[in-house]
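Enquirer: Sequence:
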Amino acid sequence: MTLLAFKHQQGTSLLEILVAVVILSVGLLGVAGLQLTSLQSGYSAYQRSQATWLANDLADRMQAQSLTACTVYDDGSSDTKRTEWNTLLTDLLGADAEGFVGVCDSDGNVTIFVEWTDARGNIKAGGETDAGDQENRQIFEFRTRLGRS
Numbered sequence: 098m099t100l101l102a103f104k105h106q107q108g109t110s111l112l113e114i115l116v117a118v119v120i121l122s123v124g125l126l127g128v129a130g131l132q133l134t135s136l137q138s139g140y141s142a143y144q145r146s147q148a149t150w151l152a153n154d155l156a157d158r159m160q161a162q163s164l165t166a167c168t169v170y171d172d173g174s175s176d177t178k179r180t181e182w183n184t185l186l187t188d189l190l191g192a193d194a195e196g197f198v199g200v201c202d203s204d205g206n207v208t209i210f211v212e213w214t215d216a217r218g219n220i221k222a223g224g225e226t227d228a229g230d231q232e233n234r235q236i237f238e239f240r241t242r243l244g245r246s
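So in our numbering, the last one in the sequence shown is 246, and the numbering has no gaps at all.
Worth flagging that the hints you see were computed from the coordinates, not collected in a lab.
These figures come from a predicted structure and were not determined experimentally.
Some clues are possibly wrong.
To be verified - In the EDC-like style, the derived pairs of lysine to aspartate or glutamate whose C-alpha atoms are separated by at most 20 Å in a straight line are: (1) LYS178 x ASP188; (2) LYS178 x ASP154; (3) LYS178 x GLU195; (4) LYS178 x ASP157.
Claimed, not checked - Quick list of the computed label-pair ranges, beta carbon to beta carbon: (5) ARG242 x LEU133: 39 to 47 Å; (6) TYR140 x GLY199: 21 to 29 Å; (7) LEU131 x ALA161: 12 to 20 Å; (8) GLU232 x THR109: 20 to 28 Å; (9) THR177 x SER135: 37 to 45 Å; (10) SER122 x THR208: 23 to 31 Å.
Virtual Cβ for every residue (Gly too), placed ideally from N, Cα, C.
Could you put together the complete structure from these sequences and hints?
Expert: And the structure:
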């Protein structure tokens, strides 16, 4: 009399391995998407910190000029100091970046605006970016009071 022994499965089947690979792939694609979003947000934060630094720098330059600061750093000024600051602005934030003094009164109140395009930082569906798009324009406003001596 022979006994038929049932064979028990040992190991994994090809189908189980394929399902595991698909699940792992979906997870890795999600991690890659998060990494892309992180890079875009990090670059946007970098640009904002550069705009903050530039506005502070202009305020420091104006403080050093004291009485003539409003005329030297006026938008239409061709003064070397203004040109130097504009060069810094475009080097750090791009060719379309603009900076201007919005308010400069006799009491020493100054408002400085820095504007630039942040197409990389604006996260859209499908990864679309349009450098000319108005919604990508960022404006940083800095208010301070210049001390008079």
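Enquirer: For each hint, tell me whether it holds in the structure or not.
Expert: Right, here's what the structure says about each hint:
{"no.": "1", "hint": "LYS178 x ASP188", "verdict": "15 Å, holds"}
{"no.": "2", "hint": "LYS178 x ASP154", "verdict": "12 Å, holds"}
{"no.": "3", "hint": "LYS178 x GLU195", "verdict": "15 Å, holds"}
{"no.": "4", "hint": "LYS178 x ASP157", "verdict": "12 Å, holds"}
{"no.": "5", "hint": "ARG242 x LEU133: 39 to 47 Å", "verdict": "42 Å, holds"}
{"no.": "6", "hint": "TYR140 x GLY199: 21 to 29 Å", "verdict": "26 Å, holds"}
{"no.": "7", "hint": "LEU131 x ALA161: 12 to 20 Å", "verdict": "45 Å, violated"}
{"no.": "8", "hint": "GLU232 x THR109: 20 to 28 Å", "verdict": "50 Å, violated"}
{"no.": "9", "hint": "THR177 x SER135: 37 to 45 Å", "verdict": "41 Å, holds"}
{"no.": "10", "hint": "SER122 x THR208: 23 to 31 Å", "verdict": "52 Å, violated"}
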